[in-house]
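A.B. asks: Sequence:
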Amino acid sequence: MRHGKKINHLSRKKAHRSAMLANMACSLIEHKRINTTLAKAKALRKYVEPLITKSKDDTTHNRRVVFSYLNDKKASSTLFRDVAPKISDRPGGYTRIIKLNNRLGDNAEMAMIELVDFNELLTKDQAKKKKTRRRGGKKSTSNESSAPATATNEETETASVEEVVTKTDDVDSTSEKVEANEAPAEETPATDEVKAEKKEESSDENADDSAEEDKKKD
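Take 1 as the starting number for the sequence shown in our numbering and just add one per residue.
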């Protein structure tokens, strides 16, 4: 039983254990994921995450501290140059442990430990979920539903205005036709001649009447 044992010694002396964890940390920084036993993965997480936190502040002192743990110049430079910019916004939890099938030889529990920000498949899925997620969906739907409603209202208003304009044009055209029909025709020279003839006839009739009256008097 592991009563009160906070550190898993992994059945190794201190020098052996520290050298093994340093090598595993260098491999993790270089390849971004490694497969190992579950116990070693948990021990490696406690070993490498404080070093990743130190890499956020790129100073000479932090570089020397990280190099004293890793003992690898290439791995420490990769940590400060490539890994640190990606995990700069993350407040912790830089690694992920995923359990695998047991090992065939001794049935040991196997696991994969990886850097969270370097798993491209999961980061793409998270980006898609963040893009599609919406807060206050009811408001957005109401706004979307109101938009076409306003568009239809505008269309109906424009259609009604066009109908009124066409009706007024029709009324104006009909009124013009009626006025044209009711307007008196201009007097033509033929009508003037007819009037002159009627006057002559009336004068002749008057002369005849006056002659007949004179004869009666005589």
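Simulated from the structure, these hints should not be mistaken for laboratory data. Be aware that a few hints might be false.
[Stated by the list, open to error] Here are the computed distance ranges between Cβ atoms for each label pair:
| hint | residue 1 | residue 2 | range |
| --- | --- | --- | --- |
| 1 | GLY4 | THR59 | 33 to 39 Å |
| 2 | VAL65 | ASP106 | 34 to 40 Å |
| 3 | VAL65 | PRO91 | 35 to 41 Å |
| 4 | SER77 | LYS13 | 16 to 22 Å |
| 5 | HIS9 | ASN102 | 19 to 25 Å |
| 6 | ALA19 | PRO91 | 28 to 34 Å |
All residues carry an ideal CB built from backbone N, CA and C; glycine is no exception.
A.B. asks: Determine for every hint whether it applies to the structure shown.
C.D. replies: Results for each hint:
no. : hint                       : in the structure
1   : GLY4 - THR59: 33 to 39 Å   : 37 Å, holds
2   : VAL65 - ASP106: 34 to 40 Å : 36 Å, holds
3   : VAL65 - PRO91: 35 to 41 Å  : 20 Å, violated
4   : SER77 - LYS13: 16 to 22 Å  : 30 Å, violated
5   : HIS9 - ASN102: 19 to 25 Å  : 22 Å, holds
6   : ALA19 - PRO91: 28 to 34 Å  : 30 Å, holds
Checked against the numbered hints above, the structure breaks hints 3 and 4 and satisfies the rest.
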